[in-house]
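Peer 1: The primary structure of each chain is shown beneath.
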Amino acid sequence: MTTKSAKYLFIYGSLFFFVIFLGLTYDTMKKVDERTPPITDKIDAGKKVWHKYDCIGCHTILGNGSYFAPDMTKVIVRKPKAYLKKFLMDPQSVKTNATMPKLGISSEEADSLIAFLEWISKVDTNGWPPKPLLASVVGAGIKTLTEGQKVFQSQGCINCHIINGVGGTSGPDLTKIGVIRDKNWLYEFIKNPSSKNPNSAMPAFDNLKEEELNQLVEYLSSLK
Amino acid sequence: MVAKYEGQKIALYFYTFAVLLFIVQVIVGIIAAGQFLYPDFFFLNFNTIRTLHINSMVVWLLCGLMGATYYVVTDESQTELWNVGLAKFQFWATVVTVLLVVLGYIWMGIVPSANKEVFGTLLLNEGREYIEAPRWADLLIAVSAIIFLINCFMTVQKTKHWTGIQGTLIGGLTFLVLMYVPGMFYTKSMVKDQFWWWWVIHLWVEGAWEVIAGALLAYMLIKTVGAKREVVEKWMYIEVALVLFTGILGTGHHYYWIGTPSYWLWIGGIFSALEPVPLLLMVWDAFRTTREHREVANRAGLFFSVSHALLNFLGAGLWGVFHTLPQVNKWTHGTQITTSHGHLAFYGAYVLLVLAMIYVTLPAIRGVKEFNYSRAIQSFWWMTISMVLIVLTITGAGMVQTYMERIIGLDYVAVKAEYNYWFWIWRIIFGFGFLVGVLIFAYDFFTLGKERETATIIETSKA
Numbered sequence: 001m002t003t004k005s006a007k008y009l010f011i012y013g014s015l016f017f018f019v020i021f022l023g024l025t026y027d028t029m030k031k032v033d034e035r036t037p038p039i040t041d042k043i044d045a046g047k048k049v050w051h052k053y054d055c056i057g058c059h060t061i062l063g064n065g066s067y068f069a070p071d072m073t074k075v076i077v078r079k080p081k082a083y084l085k086k087f088l089m090d091p092q093s094v095k096t097n098a099t100m101p102k103l104g105i106s107s108e109e110a111d112s113l114i115a116f117l118e119w120i121s122k123v124d125t126n127g128w129p130p131k132p133l134l135a136s137v138v139g140a141g142i143k144t145l146t147e148g149q150k151v152f153q154s155q156g157c158i159n160c161h162i163i164n165g166v167g168g169t170s171g172p173d174l175t176k177i178g179v180i181r182d183k184n185w186l187y188e189f190i191k192n193p194s195s196k197n198p199n200s201a202m203p204a205f206d207n208l209k210e211e212e213l214n215q216l217v218e219y220l221s222s223l224k
Numbered sequence: 001m002v003a004k005y006e007g008q009k010i011a012l013y014f015y016t017f018a019v020l021l022f023i024v025q026v027i028v029g030i031i032a033a034g035q036f037l038y039p040d041f042f043f044l045n046f047n048t049i050r051t052l053h054i055n056s057m058v059v060w061l062l063c064g065l066m067g068a069t070y071y072v073v074t075d076e077s078q079t080e081l082w083n084v085g086l087a088k089f090q091f092w093a094t095v096v097t098v099l100l101v102v103l104g105y106i107w108m109g110i111v112p113s114a115n116k117e118v119f120g121t122l123l124l125n126e127g128r129e130y131i132e133a134p135r136w137a138d139l140l141i142a143v144s145a146i147i148f149l150i151n152c153f154m155t156v157q158k159t160k161h162w163t164g165i166q167g168t169l170i171g172g173l174t175f176l177v178l179m180y181v182p183g184m185f186y187t188k189s190m191v192k193d194q195f196w197w198w199w200v201i202h203l204w205v206e207g208a209w210e211v212i213a214g215a216l217l218a219y220m221l222i223k224t225v226g227a228k229r230e231v232v233e234k235w236m237y238i239e240v241a242l243v244l245f246t247g248i249l250g251t252g253h254h255y256y257w258i259g260t261p262s263y264w265l266w267i268g269g270i271f272s273a274l275e276p277v278p279l280l281l282m283v284w285d286a287f288r289t290t291r292e293h294r295e296v297a298n299r300a301g302l303f304f305s306v307s308h309a310l311l312n313f314l315g316a317g318l319w320g321v322f323h324t325l326p327q328v329n330k331w332t333h334g335t336q337i338t339t340s341h342g343h344l345a346f347y348g349a350y351v352l353l354v355l356a357m358i359y360v361t362l363p364a365i366r367g368v369k370e371f372n373y374s375r376a377i378q379s380f381w382w383m384t385i386s387m388v389l390i391v392l393t394i395t396g397a398g399m400v401q402t403y404m405e406r407i408i409g410l411d412y413v414a415v416k417a418e419y420n421y422w423f424w425i426w427r428i429i430f431g432f433g434f435l436v437g438v439l440i441f442a443y444d445f446f447t448l449g450k451e452r453e454t455a456t457i458i459e460t461s462k463a
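Chains as they are written, first to last, in our numbering: chain A, 1 to 224; chain B, 1 to 463.
In case anyone wonders, no lab produced these hints; they're calculated from the structure.
Even glycine gets a Cβ: it sits at the ideal position worked out from N, Cα and C.
Keep in mind that the hints are not guaranteed to be accurate.
[Said to hold, decoys possible] Lysine to any residue pairs mimicking SDA-like chemistry, simulated, CA-CA at most 25 Å apart: (1) Lys330(B) to Glu34(A); (2) Lys86(A) to Tyr38(B); (3) Lys81(A) to Tyr412(B).
[Said to hold, decoys possible] Below, a sample of chain A positions facing chain B; criterion: calculated Cβ distance under 8 Å: (4) Thr28; (5) Pro70; (6) Ile120; (7) Ser121; (8) Thr125; (9) Pro132; (10) Leu134.
Looking at chain B on its own, in the form it has when it is part of the complex (with noise of 0.2 Å):
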């Protein structure tokens, strides 16, 4: 398999922002947890270091996604990207972006009164969850990802080849792009504010990202071991049918505890009890499909993708599951289980889809069938045994929380500094063990495919 069109070497660019940002995740991500211990240790605060946690993660999971269907839309259409340039423009206007967005970020850690209000917004960080990225980042990013959308959507309407892969996966980022909007408008009422907010987060990653997820999942069964199309599409539409049927009214559970109508303690404690189902149905079918082909073209992009789909049970709906109905959810909510919940879904769900599209896309862009994929498992077990291992002292951490704080009725100060001591120190070395398995997995995406054609130039050379 090598690429053949310019598009797809377009994910390239996309792919490389994407792997920096996840080292920079990583890295914030050890600072966030050393500051639970010592909150002054580093020159920016806590909530600013939270926040590029989490936003370069956004950013650079949504940057892997595009650069992955830039590279599905012109392999699935057989045609090249509508237009290479607009594309490359596209990417340059994104980078200089977010990196604008972070200097705001910085320099409003460092003098907090900064973030002034200009034209009714904002100017530095919106000061909301996620989606801090103040009013004109917002707009920027908006028409970033309308470029995007026009381009493969032209791309695919140039040979009129809608396979079922590409309308999912098309859909699924248009779904993504309109759900960014209910988060653009403010609201006086803080209970309005998070309800609409939460169409956003929710709506995306139990949504719109899953959706993706699941159509990414059948082009890389495909295209790993050769599974028939026919068969592929047709269980990628159940499970994506069933993620909408339960994600959609699963927002209920973020809608118990925030001002909302009783009603919804029904309606999300039903619908999200079902989120796993469709969940457990990709791992089902990752597993029976890779068992009916013996023929295996890219191992390690296959392992990625299985892994993805079982890990993708296990945070986003085993371990999110446990405390969603509202009995259960009563008392855990707004502790660290929450945090625990996030940590393995968005590892399993997203970085190891986002990880295994890389996989199984990068050897064609660099034009090579076969690679050592040692490497690929190495920075697996190193990122996926410390994860877990982190989860589960944020769990621990999360339960002696909902212990201490909301059975006994201890202080929050005082569970955090006292009894929770050791479960921070764990998370910090666990972390560091998270970036050993970031580091191999980034040396081997800057080396795959090169280390070959070095070999090849010095015989050359030497002939």
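If we strip away everything but chain A, and leave its shape as in the complex, we get (with noise of 0.2 Å):
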């Protein structure tokens, strides 16, 4: 090969995966919208609150971003939206150890940035992020769940509090909770959490049944 029919190839080449990957651009922007659902005005100002406070300079969204902090694209579907707003502005006042600033963020630009996170988690990722291979199969034929774990379960407490080093971190750890409450403290705060402690950014679950309450104040109790 010559110099010049290198530069040829080069220059040509180039410009033909060039032409390719804008004729890709061009589909891939007419199907976005149909991946995601319709963005309202509320979504775009949070959207904008998101880019004002700079919350990918600490967490990912879709996975990009700075790892620093936890990825945003599924949040919404494991935090309810009350503990979400009271966390976002004013983080320490919800979770004492929280490494998250107090940014300022409004009332207002909370519920906006609320919205935005909704309309992220359903955003059509072709399945990222992808089930934790081991939690989706526990319990599965090991042994039978107590009645007090299945509500735990359904209920999805394990997205904000960790038993035996599995869970989340917003909330306090559970894994000893037996030890340092009662049943009857337990049962009344699942009900009303703020009838405890003001500050409380768990939401009321006072849609479970008497006997379900009790199942799970039991399962909680054992733990120590």
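Mind docking these for me? Both chains are given alone in their own frames, and the hints should help you get the complex.
Peer 2: Structural data, given as structure tokens:
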């Protein structure tokens, strides 16, 4: 190959691939809106809040960003909105050891941001993030769950609380909760958290049936 | 080799600014690493520190490349720069813009809500990774880049001596400037936002910048070992061609999980798996050319050039291809694995490239034929060993994170705080090692060629 032919290979070959890339870009732009829910003004306002406070400077979203704090793609699925709102406006008031500083996010901004996070959780991401392999098989054929454990699972408590090292870190670790709190306290707290702690960001689980609540309390108080 | 033209000396302005920012980048990098353990120990939060870490890097590398280009264009064209005054203006305008942007970041770091919307864009920080600079700064940077391109283009036009190296270099730089544009408009959809954002980021670092690297590697091989232009340029064309053939569609590896159609899994997977090929070719090219020529004109320059080629392949190529296939990336995407790749890739591909260009051109600018290169080698080993260890700790952290979080299902915060604790500690220690290397390099940069002058002056005064 001569230098001249290498040069032409470079110029025209690159142009060729760039044209293909442009075509795929055009096609992607046409298809993206079908893969996401419609965007309202509130969602757009939420996206602007995301940019304004440079959230990506610590978090990732759709897996892209700063890896210093959790990914925000599915956060709305795991955490109650009321918790998120309180947390966004003043993180340490709901979680004393939170790393996130108080940024000065207003109530209105927090609402928009939550609307935006809800939108992003519904984007068709080709199955990302994948469901953890082990967590999704636990309980399958190993041993039967108690009634209380079933309530714990169905209410998504694990999204915020850790038991034996597994679970979310938004709320307190419940591994030994049975040592610290008695059944009565647990019962009252789950039904209405602010009755025991006015600052609590945990939603009230007053939708639980009396029986379910008792089963859950039974399970939690057995954790010692 | 002595620099004949004023235009070549302009490089020194850019190099100096680049070296100062390099020191800043590494210091804030160590602070950022410290914040993984103690988030509150510094008056600025992690997001501001990280923005400074990454932005100072992008700016100093670009300044280094611009300085090097002013030098190469005047040297290759064998004529004075088209407008030396304009180049100096462009330099100072760039410095002022960069300082204003940095002040804005710090202001926002102290008062986050100060980042208000003005004329439809955010005043201090766009809140988009890597391209945080606000729109007004984007426009000023674009003007500066266009002035720079015009100056280089007109210089070559003076003698119309378009060598392959100049053409590829200016072509790569034009591509770089054009690819800044997709980052300059707002989209309501975060999916489209990230789609266009990757046009900028990916087509810069795995497109335009690698083309520039290919051209500069060819130039350095000619200058350091006197390689034949005909042969070097032919291989350069093949390398940069393969860079773009694989790199353009390789952008697809960023479109796996962001809401874009699933055909990108195939396109991204296939083309990005081929991305290391041209980088390997560059390594082979560097070694082959060096072996064929026994006469070495500039040992430090050659050492850094060959190391650049090798670590470019390791960092950008190998550390990238590890996790580029969708089947692997599904589990590693958004973890510290990406950070480890980012660190080794930028160090190998671009930090060493700019440092190599400084060692190849600085002696001529300062008017020395020979210089003691022991400090250059010393700084290289301090930096390289430290960086490899930093990358290994982050890779380890990423593997633990992938396993604990993605496979077992533990919480992000728990993994970061408990399981990766020691990785963060080691990273800080190696960070200081890297800083030692940078300071040795900076000392060498500011004194190279001057020590001899002092000696001469002393002798003259004695006489």
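Peer 1: Answer holds if the nearest beta-carbon of chain B is closer than 8 Å to that of Ser121(A); otherwise answer violated.
Peer 2: Violated. Min distance 11 Å.
Peer 1: Given a cut of 8 Å on the nearest C-beta pair, is the interface hint for Leu134(A) held or broken against chain B?
Peer 2: 5 Å, holds
Peer 1: Close enough to count: is the Cβ of Thr125(A) nearer than 8 Å to one in chain B?
Peer 2: 5 Å, holds
Peer 1: Is the hinted pair Lys330(B) and Glu34(A) satisfied, with a Cα-Cα distance of at most 25 Å?
Peer 2: 22 Å, holds
Peer 1: Can Thr28(A) be said to touch chain B, with a Cβ gap under 8 Å?
Peer 2: 5 Å, holds
Peer 1: Given Ile120(A) as an interface hint, is its Cβ closer than 8 Å to any Cβ of chain B?
Peer 2: Given a least distance of 6 Å, the restraint on Ile120(A) holds.
Peer 1: Within a Cα-Cα threshold of 25 Å, do Lys81(A) and Tyr412(B) meet the stated pairing?
Peer 2: Given pair Lys81(A), Tyr412(B) holds - Cα atoms ~19 Å apart, limit 25 Å.
Peer 1: Given Pro132(A) was flagged as interface, is its beta-carbon under 8 Å from a beta-carbon of chain B?
Peer 2: Since the shortest Cβ distance to chain B is 3 Å, the answer is holds.
Peer 1: Under the criterion that the straight-line Cα-Cα distance not exceed 25 Å, is the pair Lys86(A), Tyr38(B) satisfied?
Peer 2: OK: Lys86(A) and Tyr38(B) at ~24 Å, within 25 Å.
Peer 1: So, as I understand it, the hint says Pro70(A) touches chain B; can you test that by seeing if any CB pair is closer than 8 Å?
Peer 2: 4 Å, holds
Figure legend: structure checked against the earlier numbered hints; the only hint not met is number 7.
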